[in-house]
Amino acid sequence: MAEVVMAVHRGDASGGKTVEYKVPLSPGMVVLDALHYIQGHLSADFAVRWNCKAGRCGSCSAEVNGRPRLTCKTRMDSLPQDKPITVLPLKAFPVIKDLVTNVSWNYEVNRKIPAFSARPGTNWKMYQKDVDRPQEFRKCIECFLCQDVCHVLRDHGKHAEYGGPRYFVRVAGLEMHPLDGLSRIKGVRNQMGIGLCNITKCCTEVCPEEIHITDNAIIPLKERVVDQFYDPLVWIARKIKGTESGS
Amino acid sequence: MSEKFEVHEHDVLVIGAGGAGLRAAIEALNCGASVGVVCKSLLGKAHTVMAEGGVAAAMGNVDPADDWKTHFRDTMRGGKFLNNWRMAQLHALESPERVRELEQWGALFDRTDAGEIMQRAFGGHTFKRLCHVGDRTGLEIIRTLQDRGVHLGFDVYMECTVTRLLKDGETIAGAFAYWREQGRFVVFKAKAVVIATGGIGKAWKVTSNSWEYTGDGLAVAYEAGAELMDMEFVQFHPTGMVWPPGVQGILVTEAVRGEGGILRNRLGERFMEKYDPKRMELSTRDVVARSIYTEVKEGRGTEHGGAYLDISHKPGEYVKRKLPGMFHQFKELADVDITKGPMEVGPTLHYTMGGIRVEAETGAATVPGLFAAGEAAAGMHGANRLGGNSLSDLLVFGKRAGAAAAAHAKNTAALNVEQAQIDHAEREVLAPFERPNGEGPYEIHRALQNTLQSLVGIFRNENDLKEALKKIGEFKQRAATVHVDGSRLFNPGWHLARDLQSMLTAAEAVTRCALARKESRGAHSRIDFPDYDADWGKKNNIIVKESGEMKLRERPVPQMPEELKQLFAEDK
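One line per chain: the protein sequences are E and U, in this order. When you line the first sequence up against the numbering used here, it's residues 1 to 247, in that order. When you line the second sequence up against the numbering used here, it's residues 248 to 819, in that order.
Among the hints, a few may not be true.
Here are some chain U residues pointing at chain E (derived, C-beta under 10 Å) [said to hold, decoys possible]: (1) S288; (2) G362; (3) V731.
Don't read these hints as lab results, they were simulated from the structure. These figures come from a predicted structure and were not determined experimentally. Glycine included, C-beta positions come from ideal geometry on N, C-alpha and C.
Starting from the given sequences, assemble the full structure and let the hints guide the process.
Shown next as structure tokens:
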């Protein structure tokens with residue numbers, strides 16, 4: 001049976017190294033199958049986070065040959081097999097062990113976003129054309145690949161002042177919900193630092209759900225920020241009235 | 248109580264953060280309780296995300312003739328009248344309101360032209376009844392509940408595994424757990440515990456279930472003295488992927504058939520004509536799974552031992568819009584374009600009808616302070632579950648169990664747990680590290696999976712079941728001496744060593760019940776007893792731990808009141 005060499009990260013918060021394992025190939029095999037082989041046959045304490053193995057839960061994210069991917073949806077036959085296949089943990093988050101990272105920061109960001117709040121007196125009628133847009137955002141499986149690839153988090157480590165693409169998508173889903181009655185635009189600007197995003201579209205490229213993160217979520221939110229905070233007429237009105245814009 | 252461990256105290260502790268657990272937690276919070284939710288994975292990853300086709304609720308948005316009575320009737324017929332009638336009734340009555348509630352919390356279902364929630368056809372449902380979001384309904388539900396719960400303020404203990412329930416005398420008083428991440432121990436003090444840990448599919452080889460589905464909740468409840476019921480009824484979903492090998496068992500939603508998908512064998516025959524000419528592909532899951540299995544067994548299977556499922560006669564754009572997940576799944580994992588050609592599918596273990604025996608109204612188990620909801624609880628679905636009745640089940644009974652647990656906590660004085668219980672729980676979990684040598688857990692797990700797959704599958708017989716029971720006994724002995732290497736830091740081998748114990752308890756319960764039930768009914772098919780048996784139709788199998796041994800009992804199926812019996816007058 002054909003074999004392939006998997007070069008995977010082994011280690012914890014104190015450091016680690018890449019360790020190579022030989023894994024037999026089978027038809028249609030995905031990277032997660034190879035990781036499970038290591039776990040089940042070669043090293044039982046090899047840490048991998050996974051759940052559904054069907055591309056639906058977003059647990060098994062890692063960097064395969066340098067690219068953030070869901071390992072359950074990455075076919076081994078899509079990768080060159082004449083050299084080792086590297087699997088490293090997400091770079092934007094601290095390593096706990098092997099391929100498992102501490103993603104708890106994401107849950108902290110989420111907690112700060114005001115929940116859906118229906119406009120008073122709504123009759124709960126919605127039409128498909130009105131829900132098409134927010135439904136795109138609700139496809140998100142929280143794999144955090146977009147967070148991992150975003151240079152604001154990955155290279156600049158601005159976790160404290162930035163929400164990241166995942167949570168811009170979430171806010172967009174709420175803001176564009178046809179019956180939602182809140183505005184989260186001030187928070188997107190001030191707490192979530194959407195201005196730091198310079199629309200390189202890396203997030204859109206890695207999204208396994210093919211959500212148009214930049215075009216459909218981030219840019220419209222940026223436009224709303226501009227409308228509320230930088231519109232010259234609104235600015236003058238604010239100066240005259242002495243009130244602050246946004247909510 | 249020991250302060251050697253991290254201790255958390257709540258009125259209500261919910262174990263499991265799928266739909267049932269989250270809905271229970273939200274309700275307990277609404278009732279004023281302080282609530283902790285413990286889950287083995289990250290929040291929002293629970294198996295509910297794998298529910299694709301929809302949530303069944305007789306709203307009548309598409310078929311106005313639908314009503315709770317029809318839904319109730321479909322559920323009882325689907326469950327071959329082994330269901331707890333009161334649960335089926337409450338479920339049919341309350342599910343529309345539970346779905347509307349989700350919408351009010353921000354869920355966005357697909358819409359009808361009139362702006363109502365869209366509903367689709369599904370197996371065993373008389374009317375178009377499944378409210379859905381394409382083929383990712385479960386994700387929508389879990390995200391909605393997750394955000395609702397977080398904003399109401401429950402405490403979530405993620406990646407934390409419960410290994411024992413703690414008791415004060417006969418009453419549940421909390422749980423012992425470990426953090427998967429660091430391997431440290433946690434003691435949860437609680438006046439009520441809700442088990443919402445789902446099913447046991449990971450004990451079989453071909454399953455749509457994730458690694459979490461090891462029956463922990465059932466096992467800890469059983470150890471604490473609770474009764475399990477109907478364990479012989481495990482559902483094989485008719486359509487899982489069969490090729491390539493790595494994806495074997497991954498779910499192919501029933502919505503493919505709901506949207507008009509057709510099943511054919513290798514010869515091109517639409518074989519459901521033979522097995523259920525009236526309902527065809529939308530027959531109940533037990534029937535369709537057996538039909539596919541039979542076609543394959545008799546030599547009419549596809550190249551990789553399945554059946555063809557074809558939706559390519561529908562417009563490609565329609566298929567991509569209504570079944571986007573399936574489109575991508577087959578394209579990326581199997582190189583099949585489902586808008587152009589058929590999928591290959593075969594049965595995959597999907598759901599556990601059996602579970603903890605509970606009271607219909609409250610989800611109360613037979614141990615004071617213990618509650619269960621969703622897949623972990625038994626009774627609602629009887630001998631076979633209809634597709635779409637699981638998401639509605641977890642909403643209806645999650646809410647009820649959460650409310651009852653909060654009420655129980657309010658009426659319970661401070662509890663105390665003896666140190667010996669905690670010490671015992673700690674020793675038990677650490678033992679695999681302390682043995683100098685022994686077998687690894689993965690080998691035993693694979694052996695268990697192969698055994699259940701071949702001996703406790705869709706069709707069963709006495710010899711196979713006896714053989715399975717013998718082997719499970721051997722696995723228990725091997726598991727008692729299991730050894731793991733490495734540290735307690737995120738160590739999957741160690742985690743599996745623990746989960747294996749739960750799977751073995753569940754496997755033994757399933758096999759004992761299957762051996763006892765000498766008839767075929769719903770998901771339980773005995774080759775040696777191929778027909779219904781009127782006496783067995785009046786009995787539920789009960790599993791309980793007595794004097795350290797697994798004991799089997801029978802219990803009469805509760806009888807419907809006369810006015811509900813009238814609904815089935817035409818059946819006779």
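Against the structure, the hints come out as follows:
no., hint, verdict
1, S288, "6 Å, holds"
2, G362, "4 Å, holds"
3, V731, "6 Å, holds"
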